[in-house]
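Dock chain B against the given chain C, drawing on the hints supplied.
Residue numbers (this note's numbering), protein chains in the order written: chain C, 11 to 121; chain B, 1495 to 1604.
Keep in mind the hints are simulated off the structure, nothing from the lab.
A quick note: this is a predicted structure, and the numbers were derived from the prediction, not measured.
Watch out, some of these pointers could steer you wrong.
Claimed, not checked - With a straight-line Cα cutoff of 25 Å, these simulated SDA-like cross-link-like pairs (lysine to any residue) come out: (1) Lys1596(B) with Asp48(C); (2) Lys1596(B) with Lys24(C); (3) Lys1550(B) with Asn106(C); (4) Lys1596(B) with Gly63(C); (5) Lys1562(B) with Glu109(C); (6) Lys24(C) with Leu88(C).
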Amino acid sequence: NAGVTQTPKFQVLKTGQSMTLQCAQDMNHEYMSWYRQDPGMGLRLIHYSVGAGITDQGEVPNGYNVSRSTTEDFPLRLLSAAPSQTSVYFCASSYNGYEQYFGPGTRLTVT
Amino acid sequence: GEDVEQSLFLSVREGDSSVINCTYTDSSSTYLYWYKQEPGAGLQLLTYIFSNMDMKQDQRLTVLLNKKDKHLSLRIADTQTGDSAIYFCAVNSGYSTLTFGKGTMLLVSP
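Only chain C is shown next, with the shape it has when bound in the complex (with noise of 0.2 Å):
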């Protein structure tokens, strides 16, 4: 298993500038979460998903939208880039939705 794989590692978006962070996982996982990482902060829950089909709202959502429309994946869209989403980004995915994998990050820069 590749367990949970993020792309791409790093990227260099323009304000304005729109993206999607891709993240997959073969583990016939049903819950998979993104989160955010900066400095000083910890992590932040940004959306997640308990089943394809099925998404829900994190504790910091606005500027993100998300989909699952399979299993494996759940990309993560940035729709208007601003410096603010400047940060690093995990991935992560759950059998029982407790015990939770993350992926090794998108390292994004917006300028």
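Just chain B now, with coordinates in the frame of chain C:
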């Protein structure tokens, strides 16, 4: 909402024990976790404890839970330089979601 607090920094000598502490506010949290993050890497699930347990031991790691005081600790025995990392306390804040502390940076000197 849930709040998770941890001290920001701990420095120990190689071979000593390290104790990292965490407090949380939501007494309904069912699972409590410790994650490790090395520089430039993702989060590694180290261990977790159910809320109906007081202690869990896993090789060099011991987790203690005091539910009355909402206090969680992680003890690392015989700390090695390879244990230097940031350690995050986290609690489940709803089904399938976690609330994290800000992380404790552990520095192990030879």
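Here's how the hints hold up against the structure:
For a cut-off of 25 Å, the pair hint linking Lys1596(B) to Asp48(C) stands: about 9 Å separates their Cα positions. Our distance criterion of 25 Å between C-alpha atoms is broken by Lys1596(B) and Lys24(C), whose separation comes to about 28 Å. Annotation: proposed proximity of Lys1550(B) to Asn106(C) holds, straight-line Cα distance about 20 Å (limit 25 Å). Restraint check for Lys1596(B) and Gly63(C): not satisfied, since their Cα atoms lie roughly 32 Å apart, outside the 25 Å limit.
Proximity of Lys1562(B) to Glu109(C) is assessed by CA-CA distance (about 24 Å); at most 25 Å being required, the pair is judged to hold. A C-alpha spacing of about 12 Å is found between Lys24(C) and Leu88(C), which places the hinted pair at or below 25 Å, so the restraint holds.
Hints 2 and 4 from the earlier list are contradicted by this structure; the remaining hints agree with it.
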